[in-house]
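Visitor: Sequence:
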Amino acid sequence: MEQTASERLVLYGGDLRNSIEDGCNSLGELIVKRLHRNGDDVALVDAVSGDSLTYHQILARALKLANRFHRLGIKRNSVVGICSENCIHFPTITFATIMLGATVLPINYGYSPSELRHVLHLTKPIALFASEKPLQKIIAMRSDLPFVKLLVSFGKDRRTRGVALLDDFFDNSPVSNLRNFTPQPVPLEKQVAVMVMSSGTTGLPKAVQLTHHNVMTVMAYQAEDPRYTELPVPCLNKVPMVVLSHFEPNLFLRTIQDHRITMASLVPPLVVFLAKSPLVDSYDLRSLYAVLCGAAPLSREIEELVRSRLPNVQTIRTGYGMSETSLGVISRTNDKIGSVGKVHKTTSVKVVDLETGCALGPNQTGEICIKGPLVMKGYLNNDQATAEMIDADGWLHTGDIGYYDQEQDFYIVDRIKDLIKYKGFQVPPAELEDVLLSHPSIRDCAVVGVPDEGAGELPAAFVVTQPGTDVSEREVIQYVASRLSPQKHLRGGVFFVDEIPKTGSVSIEPYSAMEQPASDDTAFVVRGAPAPDDLTLGTRSLGELFLQVLRKKPTAVALVDGVTGKEYTYAELLERSCQLAAYLHDHSIKRGDVVAIVAENRSEYPITIIALFLVGATVALFNPSYTSRELVHALGVACPKLVFVSSLARDALLKASRSVKQGFTVISYDALERSTTFAQCLQRSNKRRSTADTLQPDPVDIADEVAVIVMSSGTTGLPKGVQITHRNVMATMANVRGALEKGLPLHCSLDVLPWFHVAGGMSMVSWLGANLTVVYLPRFEPRTYLRCIERYRPSFLNMVPPIVVFLAKHPAVPEYDLSSVQTIACGAAPLSREVEELIYARLPGIRIRQGYGMSETTQAITFYDSEMPKPGSIGKVRAGQLGKVIDADTGRALGPDQLGELCFKGTLIMKGYIGGERVIDADGWLHTGDIGYYDADGDFFIVDRIKELIKYKAFQVAPAEMEALLLAHPGVKDCAVVGKQDERVGELPLAFVVRAEGSAVSERELVRHVEERVSNEKRLRGGVIFVEEIPKTASGKILRRTLRELANQKAKL
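Be aware that the sequence shown starts at 1, since it is given in my numbering, and climbs by one per residue.
Simulated from the structure, these hints should not be mistaken for laboratory data. From the three backbone atoms N, C-alpha and C, an ideal C-beta is built for every residue, glycine too. One thing to keep in mind: the hints can contain errors.
Stated by the list, open to error - The calculated label-pair distances, taken between Cβ atoms and stated as ranges, are:
#	residue 1	residue 2	range
1	L1039	T890	20 to 30 Å
2	N334	D15	19 to 29 Å
3	N77	A385	16 to 26 Å
4	E475	D383	23 to 33 Å
5	P467	K553	27 to 37 Å
6	A164	T262	30 to 40 Å
7	V239	N363	45 to 55 Å
8	E475	D15	30 to 40 Å
9	D670	P467	44 to 54 Å
10	G357	K190	22 to 32 Å
11	V239	F496	35 to 45 Å
12	S819	E475	46 to 56 Å
13	N363	G468	34 to 44 Å
Take the sequences, apply the hints, and build the full model.
Guide: If you want it as C-alpha cells, here you go:
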C-alpha cells in the first residue's frame, strides 16, 4: 500500500525480532526471569563502601520483600515511594513492588518541603522508603500524610518513633520456600508499573504513568539493538553497575580509576567536567571506553574536548528522550558529532511546523513528535495536561525544536518554551551556550531572556568560570558577538554565579535563573576565596586521612601536657590510636556506632577521637561539668554504645546511667575501682590488628557520614545534637593547611578552650591534621597559661573574650615574656572595641582577629585576616563558603550595610540536628538567628541576635531551660532569663521573676534552686530582679530586648 506524502515524513525505527512480552504476563514475571538467568554474577557495587549484590541476591531479597509487602496489604494499584540518593537498595524495593502489581514511585531526594508535600499528596503512597536527608523532611510533615502507613529508613538510627529500618524489614523465611512465587498477570498496557515526576519547569511536577508494557518495551529494544548490545551495558551483558550516591569530583574520578569503569552514563555537566576540570589529569581513566549522554544536548566543542583528552574513549553516544517516553527514543549509531541519532525500534517520530502542524521534511526545523509503545499512559489525575501533551492520534508533542538530515539523524535545537523572542527573531539559548562553553575560562553557563519593553526579550548569560581564571563581562559579550549574528548578541548582560540551578534531570531552571541579576539574591551572596582543590588529600575518610598524616612526621611532637610538660610524638600518637582502634574493633565498635567522651582536655582525648575515626564510628563530645540531669538528656540524644569518662565526670555519668533506657559500656581514663581503664584497652588490644599497616578504615560518603556529634545549646530548651560530617572536619583541616601555605608562622597552639566545645575540639583536630604541636591545659589557670606562652612560644593564640580581657587587664601579664604572640584570634562572642584598644596598648604590634561561628558551622565561618585593623568586624567568609544577609520578613537577600539575619552555606555547615528542628533551608542555607550586615569590602559585623542565647564565656546558655527550672519552683508565677552585659565573661544570666501570690521567695533561694540543677555556666550570676509582670507581645512572646535594656541600665547605676 503506497504511503501518503504526510506518512513518508514519519520516521519509523523498525520492528523487533522478538516479542516484547518474552512469554511473560507482567513486568514482574519478566524481571524474575531475567534475574534467574543472570545467576550469581555481580549486579551492583556501592562505589564508596564496596558492598555488592549478585543477581540472585537481588532476586532473593526482592522475593522476601514482596512476601512481606503482601502480608502488609500492599497490592495491585498500591503506590510505594522511594526517596533517596542512588543506592544498591533501590532495585530490591522496585522489583518487589512491581512483582505485586503495585506502582513504584522514585522521588527526588532534593525536593524542597513544599515540592515533596505536593508530590506525596498527588501520588498518595502507602509506603515510603527514605534515606536520612529526605527522611527528616518527611517526618516533619508526617501528620499531614495520613495515607502513608509505612515509613522505612535506609539508616541505622532506631531512635525515631514510627520509623522502621530496612535492615530489619526482610522476611525470615528461607529463599527456597519462595521459589514458587509467580507475579500475578496484569493488563500490560493499562497497569502502571512506575510513576516518575516530570521536571516541572512550567509549574509543580506532574506524575508520569509508565505501564508494564512501556518498561517491557525498553527492555526488549535494548536486548537486540546494536547500540546497546555492543556496549558493556549493565543488566544486559552481566556487567556490574557501580553506584554513586552523589557527584563529588575526586570520588567520581577515583571510582572510574579503581573500578576500571568501561562505560559511564552521564549528563552534560559531567561530560563538561571530564572535558575541562584540571582534576581529571590526576587519575588513570584509560579503562573508559564509552560515554552515554542524555538529558540535555551536548555541544560539538565539549565532545571534541573529551575525545582529545581521553583518547581511549571510542564511543560517545548521545540520545534523546524524556520522562513521558519511558527512556530514550532516539540515540546515535555513529560518530556524527552534534546529532542525537536515529529513531529506536518500535517508535515513530516526525517534525511538525510550529504554525500549521504539518509534517516537515529533512533539514526543516520544527517540533519533534513521538508515537509508539514507549509513550506514557498519561499524567496522574491530570487529563487536561495529558490532552495537551498527547493529541487525538496518539502523537506526543515534546515541546522540543529540532530537525533530521538526509540520513535520518536527528538534531535538537532548543525548547519551544526556552526560545528567546528578540524583536522578530527566535533565539535558541542552546546555540549561545555552545559558543560560551567553547571559551577556555567558562566552566558552565545558561542563557535566558530578560524582559525588555522595546525588543521583547534580551539574551542574558549566567556564567560559571573555571577556577583560577579571570574573565570580564565585556570579554564574554565580545566573544559571543564575534561568532554569532546580531540578534544573538548578549544584550541582556553577563552575570557570574557559583553554579547554574538545574533540575534533577539536569534541565536548566528558567525561573530560578531569571530571579538572579543585579536586583536579585545571587548578586548579594558574598563568596569566600576559592575552596581547596581537594579537601581529602586523596583519602576516602577521616580514618584514612589521619593514617596518612600521622605517618608523615613520626618524630615531631604532637601533644604537650602544659601542666606536666610531658610530650607525645606523632609516632606515639599513631601507635596508641591504632592500639585503641584494634581494641574497639574487637569489642564490636564499628561504623554507625556512637561513642561518647566526657572528659577535660587530656592526652587520651585526641587518641580516642582518632581511634574512632579509624574504625569509622562517630564520636560524641559531652561537657564534663554536665549534671546528671543534663547527661541523661545528652545520652538520650546521641545514644552512645560506649562512653569514655574521666574521674571528673564519672559520678554524674553513673547517676545518669540509672535513668536512661539504653545501656552502654564505660571505660575510665583514670584508674578507678570496678571499671575497665583506658590503659587496659591499649594493653589488651589485638597486636596483629593494632598497627598502621594492618588497619584499613572503611571508605565513606564524606558529605553524609557523621564523624562528630557536639551538643549545641538550643534556644527552645535543652541542647541539641549537632551532626558534623567527615567533609565538615576535612574542611576545617584544609583551612589550617591553607594558612601554612600562605606562610603563616604556625608551629604550635596553646589549647585551653575545652575540646568538647566545637571551637576547641575542631581546632585541636585541625592542628594535629597539619602535623603541628598542640600544647593543652585541662582548665584555665592564669599563671600556668602565661608560663606556657613564655615556654612554648606560640605565635597564634585561639581565645574567647574572657581570656582576652584577662590579657588586657590582669596584673600578672607583664611578668611574662609574650613577645612570640603575633596574632590573637577571638570568637564565641563579640569583643568590645575598648578591650581591643587595651590589648594594643599593652601588647604593641599584636594583631587581634575576630571570627564568627557556631557549633552548626563546625568552626569560624568568617574570619578577619586583613593587615589593616577594622574594629568590630568578624571578617570575610572562609574559603569555599557563602554568606548572605536576608530580610527577616521577606527572606530576600540584602545588599551592603543593610541589617538582616546572617545565613551561611558551604562545606563547613553541619548535616543537621539529630531528629530535631531544621535550621537549614531547602537550598542548603543555615539560618543563624544572628542580626548583622556586611560592608562594601565584604566584611561582616554582628549587631544583635534573633536567638536569645546568653553568651557566658565560651558557653551558650539557653534561657528557656533556666526558665523551665524557675517555673518549677512553687514560689514563682512567671519569669524570664536574659543576659546582662559583663566585660569579663560577655554576659551573666539574670532572672526577672514574678512571685506567686502570697510567696516571699528570696533571690538567694532562687539562685540556689537553679544552681543545684544545672552546670556551672548556667547559674544565675547576674542575680534575680523581682517584677510585677514580664513584658510580652500580644501573642505572649517575651520582650527580651526590653528586659536586657532594663538589666543593663540597672548595672550602670
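Visitor: So which hints don't hold here, by number, going up?
Guide: 4, 7 and 8
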